[in-house]
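Residue numbers (our numbering), protein chains in the order written: chain V, 265 to 697; chain S, 265 to 697.
To be clear, the hints were calculated from the coordinates, so they are not data collected in a lab. Don't take every hint at face value.
No copy is singled out in the list; a pair is fine if it fits within one copy or between any two copies.
[Unchecked claim] Calculated cross-link-like contacts (lysine-lysine; reagent style DSSO-like; alpha-carbon spacing at most 27 Å):
| hint | residue 1 | residue 2 |
| --- | --- | --- |
| 1 | K535 | K278 |
| 2 | K305 | K678 |
| 3 | K339 | K568 |
| 4 | K322 | K300 |
Residues per chain, in single letters:
Protein chains: 2
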Amino acid sequence: LEDDAQRRTQWQIKGSSLSLNTHNRIRNIVEALQIKPNPQKPMIPLSIGDPTTFGNLKAADETMKAVLRSLESGKFNGYAHTQGHEASRQAVAQYSAHQRPGGTIDPSEVLLCSGCSSALEYCILALAERGQNILVPRPGFCLYHTLAEGLDIEVRYYELLPEKQWRADLRQLESLIDANTAALLINNPSNPCGSVYDEEHLLELIDICERHYLPIIADEIYEHFVFPGSRHVAVSSLTREVPVLSCGGLTKRFLVPGWRMGWIIVHDHHKRLGTALNGLKNMCGRILGTNTIIQGALPDILTKTPQSYFDSVIEVLHTNAQLAYKMLKAVPGLNPVMPNGAMYMMIGVCIERFLAFKDDTHFVQELVNEQSVFCLPGSCFSYPGYIRIVLTVPAAMLEEACVRIAEFCDTHYKKDNRTLIEDGLLEDGHIHY
Amino acid sequence: LEDDAQRRTQWQIKGSSLSLNTHNRIRNIVEALQIKPNPQKPMIPLSIGDPTTFGNLKAADETMKAVLRSLESGKFNGYAHTQGHEASRQAVAQYSAHQRPGGTIDPSEVLLCSGCSSALEYCILALAERGQNILVPRPGFCLYHTLAEGLDIEVRYYELLPEKQWRADLRQLESLIDANTAALLINNPSNPCGSVYDEEHLLELIDICERHYLPIIADEIYEHFVFPGSRHVAVSSLTREVPVLSCGGLTKRFLVPGWRMGWIIVHDHHKRLGTALNGLKNMCGRILGTNTIIQGALPDILTKTPQSYFDSVIEVLHTNAQLAYKMLKAVPGLNPVMPNGAMYMMIGVCIERFLAFKDDTHFVQELVNEQSVFCLPGSCFSYPGYIRIVLTVPAAMLEEACVRIAEFCDTHYKKDNRTLIEDGLLEDGHIHY
Ligand SMILES: Cc1ncc(COP(=O)(O)O)c(C=O)c1O
Ligand SMILES: Cc1ncc(COP(=O)(O)O)c(C=O)c1O
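Build the full structure now, drawing on both the sequences and the hints.
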C-alpha cells in the first residue's frame with residue numbers, strides 16, 4: 265500500500281534521546297568502581313543519602329500517627345486536584361509563612377509534587393526551553409543535570425568556593441549569564457557542601473538576578489537542617505523583585521524520603537512569571553498529582569510534629585559533624601570543610617600527596633577495598649578532589665569510619681618522598697588542599 | 265562586562281513550550297462551558313472519572329489493612345530503588361502472571377510508577393523521539409495527547425468503530441504508519457468506550473505491529489474491569505514477537521486512584537527494545553520512585569484482597585450499565601453503545617435532531633443548565649457527536665439522571681419539523697446515529 269521507503273524492514277527500536285540522556289551521575293560513577301570491600305571489616309557506607317538507612321534517625325511518632333489517621337479516615341483514596349488538596353496546600357502555605365514575611369502565601373501558590381525531585385523537575389522544565397540554559401552550583405546535587413540534560417537544557421556551573429564557606433564566585437557566575445539563561449538555581453543549605461548562606465550572600469545573588477531579569481529556583485529541601493549558630497534565610501524572604509520558586513518537602517526534615525511528598529511555593533510579587541506559572545500548573549497534570557494519604561496527613565504532620573523532635577535530629581547531625589571534622593582535620597592529606605547545615609560534609613583530598621591514587625574516584629575505590637568505608641567521590645558532584653560523607657550514621661559507626669579513613673590516609677600519604685621531590689611538589693611550601 | 269546584545273533589559277519570563285503544550289483537553293473543554301445548573305434539581309455529575317466520589321464504591325478492608333501494616337512496620341519510610349522495592353515488583357510480577365502464559369515475569373521487568381499516568385508517560389517518552397509519532401485510539405483517553413504533545417511527539421488517531429463494538433479500523437490504522445511511527449498504543453478495556461477486545465482483534469493488531477516492527481504500549485489499567493460474558497485478554501499473552509509495555513496499577517480495580525500506584529510490565533521475549541529499556545529505567549530516576557508505604561503494602565494488597573470484593577464492584581458497574589443502556593436506548597435521538605468493561609458508556613447523540621444545539625458540547629452544557637446532569641462531551645475524547653457517562657454512581661442516582669436526560673431529549677428532539685424538512689433531514693429514512 266504505502267511507499268516502501270516509508271516502512272521499516274526490521275526491528276530497530278531505540279530509546280529516545282530524552283530517556284537516554286537522563287543520566288544518574290552518581291550511579292554511573294559508583295557502578296564503574298571496582299569494589300571488593302575488605303572482608304575483615306564490616307562495611308560502613310558513608311555514601312547513602314537516605315537518612316533512615318541506619319535506624320538511628322526515624323520519623324516522629326506524631327508524623328506516623330498523622331498518616332495513620334489520614335488512612336483510617338477513608339477520605340483520601342480518591343483523586344486530588346492535580347496541584348494537591350486545598351487543605352493540604354493551605355497547610356504547606358502556613359508552614360512556609362517565614363518564606364514571605366509581611367505577606368501571606370495563598371494555597372493557589374502551592375503545588376504539591378512527588379518529592380522535591382519532581383518539584384525541581386517541574387520548575388526546570390517549565391522555565392527553561394530547549395536550547396536555553398540554567399545556572400547550577402558546582403559542587404552540586406547531580407539531579408539538576410539529570411533533569412535538564414535530556415531536554416536539551418544546558419546546565420552551566422557556577423563555582424562555589426570552599427575557602428569562602430562555599431559561597432558562589434559571583435563574577436564567574438555572572439559571566440555565565442546570557443540571553444538564553446532561564447533561571448538561577450540556588451541550593452541552600454547545600455548538598456553536598458552543608459553550607460548555609462547568610463543574608464548578605466543571598467542579597468548578592470538576588471542582585472545579579474535582578475540585574476539580569478532571572479527567576480530563582482531555590483532548592484530549599486534542607487531549609488530546617490541548620491546547625492546551632494547558623495540560621496536559614498529563605499531567599500524569597502529577601503526580595504519582592506525576583507520571582508522565586510522554592511522547592512521543599514517532607515523528605516529530609518521529617519525523615520520520610522520514601523513518601524515522595526514535595527512542593528513548589530511560588531513567590532512572584534509582581535506577577536513576572538507570566539505563562540511560566542500556567543506551565544508549572546500544567547506540568548502537575550501530567551501524572552495527576554501525588555499520594556493522597558500523605559496529602560491528607562499534611563496538616564497534622566506540619567503542625568503536630570514537635571520541635572523537640574526536630575531539635576534532636578539536628579543534635580545528631582551537628583554532633584556527628586563536629587566529631588568527623590575534628591578527627592579528619594587531624595589527618596594529613598585531608599581537609600574537611602565544617603558544614604553549617606544539611607547532612608553532609610565535604611572533605612578535600614590532597615590527591616598529589618597520595619601517589620597511589622590518580623583521583624578522588626580512585627581514592628574512594630581503594631578506601632572501600634582496604635577499609636570497607638564507602639564515601640562518594642566529589643566527581644559525583646562535578647567536583648573532583650573532594651569526597652563527601654554523610655552525617656546521618658550512628659556516632660560510633662562514624663567514629664570507626666574516621667579511624668579507618670585516618671589509617672588509610674596514613675598508609676598512603678606521600679609514601680615516596682623522592683617522587684614528590686621529582687614532581688616538584690615538595691618545593692611548593694604552601695600546597696593548597 | 266558582556267556584550268549588551270547578550271543581556272536582557274527587562275523581565276520576559278515565558279513558560280517553556282513543553283509546559284505550555286501540556287494541555288488537559290477535558291479541563292479546557294469543561295472550563296469553556298457556560299454552566300449554571302438548574303437550582304431546582306440537585307446536581308448529578310456523570311462526568312467524574314473518580315469511582316470513589318460517591319461513596320458507594322470503596323477500597324476493600326483488606327486493601328486498607330495492608331497499607332496500615334506497611335505503615336506500622338516502620339520499614340517503608342526510606343527511599344526505594346527508583347524502579348521500586350524488589351519484593352513489591354515481585355508481587356506485581358506474580359499478580360500479572362496471566363500476561364505471560366508459559367513464562368515467568370521477572371521483578372526486573374516490572375517498573376513501579378506514580379500511577380498509570382506516569383507509567384504511560386515513561387513509555388511514550390522513552391519510545392518516541394521528538395518528531396516521531398505514536399498511534400492512539402479515537403475516541404480515547406486524552407492523557408496520551410497531554411503527555412506526548414509537549415515533547416513534539418505527534419499523536420495520530422486511529423479510528424474505533426462504534427458499530428463494531430469499537431474495534432479499530434485496521435486499514436485506516438495501518439495507513440497512518442510510517443518510518444517515524446514509534447509505537448501503537450492500545451487501551452483495552454477502553455476509556456471512554458468500555459469495549460473489551462477479543463483475541464481475534466488483538467491478533468489483528470499484533471499482526472500489523474509485527475509487519476511494521478512496532479512495539480505496543482498497552483494501557484491495561486482496566487484489565488480486570490470486565491463484565492460477565494466478556495473476558496480480558498492481555499495483548500502480551502498473544503505474542504512473543506512484538507514487544508509489549510503493559511501499563512497498569514491499583515487505581516481502578518482497587519478503587520484507590522489517589523494512591524498513585526501504577527506500573528509498567530516489560531514483555532520483550534526477543535530483547536528487541538534495545539536501548540529503550542535502559543531509557544525506560546532512566547526515566548524512573550527522574551523523580552526517584554513512587555510512595556513507599558504503598559509499595560510496602562503491595563504484596564498483601566495484591567494477594568489478600570478477596571475475589572468477592574472484586575466481583576461486587578463489577579456487579580455494580582454491570583448493573584448500572586444495563587440500567588443506563590436500557591433507559592437511554594429508549595430515548596429518541598440517543599444511541600448508547602453497551603460496554604463490556606471499564607466504567608463508562610458512550611452514547612451517540614443524533615445532533616441533527618436536536619435543533620437547539622450545535623454540537624455535543626452545547627448539548628452537554630444545556631443538559632446541565634436544564635437538568636443538572638453533567639456528562640462529558642465526546643469532544644473530550646476527540647469524538648464529537650457522543651457523550652460519555654460514568655457507571656460508578658449509585659444506581660438510584662443513575663436512574664434519576666437517565667430520567668432527566670430522557671426528559672431533556674424529549675423537550676428538544678426535532679421540535680421543528682419544518683426546519684428538518686428544509687434541511688432535507690427527514691428525507692433520509694435511515695438516519696445513522
Ligand atoms: C539538594 C537536594 N534536593 C532535592 C533532593 C530530592 O529530594 P526528594 O527525595 O524529596 O525528591 C535531594 C535528595 O537527596 C537533595 O539532596
Ligand atoms: C485509560 C486510562 N489510563 C490511565 C489512567 C490513569 O490512571 P492513574 O490514575 O493510575 O494514573 C486512566 C484514568 O482515568 C484511564 O482512564
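Query raised in the report: Which of the stated hints cannot be reconciled with the structure, identified by number in ascending sequence?
Result: Those not satisfied come down to hint 4.
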